[in-house]
Amino acid sequence: MAVEKICVVVVSGTRERLQMAAMVASVAAVSGIEVTIFLSMNSVPYFIKGASTDAPSEGSFGDLIVKKKAPDFKTLFRQAVELGDAKILPCSMALDIAGIEADTLEPFVGEPTGLASFLDAARDAQVWTF
Amino acid sequence: MAEKKIIDGRGSFCPGPLMELIGVLKMSQIGDELEVLSNDKGSAKDIPEWVRKVGHEYVSTTEEDGVWHITVRKTK
Numbered sequence: 000m001a002v003e004k005i006c007v008v009v010v011s012g013t014r015e016r017l018q019m020a021a022m023v024a025s026v027a028a029v030s031g032i033e034v035t036i037f038l039s040m041n042s043v044p045y046f047i048k049g050a051s052t053d054a055p056s057e058g059s060f061g062d063l064i065v066k067k068k069a070p071d072f073k074t075l076f077r078q079a080v081e082l083g084d085a086k087i088l089p090c091s092m093a094l095d096i097a098g099i100e101a102d103t104l105e106p107f108v109g110e111p112t113g114l115a116s117f118l119d120a121a122r123d124a125q126v127w128t129f
Numbered sequence: 000m001a002e003k004k005i006i007d008g009r010g011s012f013c014p015g016p017l018m019e020l021i022g023v024l025k026m027s028q029i030g031d032e033l034e035v036l037s038n039d040k041g042s043a044k045d046i047p048e049w050v051r052k053v054g055h056e057y058v059s060t061t062e063e064d065g066v067w068h069i070t071v072r073k074t075k
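Residue numbers (numbering that gives the first Met the number 0), protein chains in the order written: chain A, 0 to 129; chain B, 0 to 75.
Misleading hints may appear alongside valid ones.
List time: in silico DSBU-like cross-link candidates among lysine-lysine, alpha-carbon distance up to 35 angstroms [said to hold, decoys possible]:
#	chain 1	residue 1	chain 2	residue 2
1	B	LYS4	A	LYS67
2	B	LYS44	B	LYS73
3	B	LYS75	A	LYS86
4	B	LYS73	A	LYS73
Output of the computed footprint for chain B on chain A, the stretches with three or more beta carbons under 8 angstroms from beta carbons of chain B [to be verified]:
#	region
5	22-30
6	59-71
Beta-carbon label-pair distances, calculated as ranges [to be verified]:
#	chain 1	residue 1	chain 2	residue 2	range
7	A	PRO106	B	LYS4	46 to 54 angstroms
8	B	GLY65	A	SER56	51 to 59 angstroms
9	B	LYS4	A	VAL65	24 to 32 angstroms
Since the hints were made in silico from the structure, they are not lab data.
For every residue, glycine included, the Cβ atom is placed at its ideal position computed from N, Cα and C.
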């Protein structure tokens, strides 16, 4: 039987999208699905060591996520790696443009990855984009 | 000897209680029984689904005063 595989592409920096991406990635990873998360654009700065998870809301739901104390997206991404062996790959172009060094990223984030490698990982996978 | 453990996921929302359960499952022995407490209705439905999917034993779900008690046995 083929291994079920998904790639989660995260480009948004808004709370609802980061939260939904983290929920999909973490639950998939702990359910036996091979998960690769590709971080690019506005999502990347949240993964600098110690960076705040205080992302702007797109609408009222984003505020409710905070008010009701839903698990924060960074915790869920970390759990996807630690409990489900997901891979989180930061986009090398995004790091270059933003001037972020790879060694300043959280320890659960993997090696900077270019699109050619990511597209190879995404072959035969469902791709979810947030 | 099998142990019974309580995981207090009250006040958290999906998938928080599930992730807490998985964290404890990883550190448990085969045969241990884990009871998740949750006041999140979504988790009460989702945890048994996850347990069936990954092949642990789903024991029971009961609800008391708005708190669900979802019991799972580690089988592998």
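Verification of the hints:
no.: 1; hint: LYS4(B) with LYS67(A); result: holds (26 angstroms)
no.: 2; hint: LYS44(B) with LYS73(B); result: holds (18 angstroms)
no.: 3; hint: LYS75(B) with LYS86(A); result: holds (24 angstroms)
no.: 4; hint: LYS73(B) with LYS73(A); result: holds (27 angstroms)
no.: 5; hint: 22-30; result: holds (count 5)
no.: 6; hint: 59-71; result: holds (count 4)
no.: 7; hint: PRO106(A) with LYS4(B): 46 to 54 angstroms; result: violated (28 angstroms)
no.: 8; hint: GLY65(B) with SER56(A): 51 to 59 angstroms; result: violated (27 angstroms)
no.: 9; hint: LYS4(B) with VAL65(A): 24 to 32 angstroms; result: holds (30 angstroms)
Violated hints for the displayed structure, listed by number in ascending order: 7, 8.
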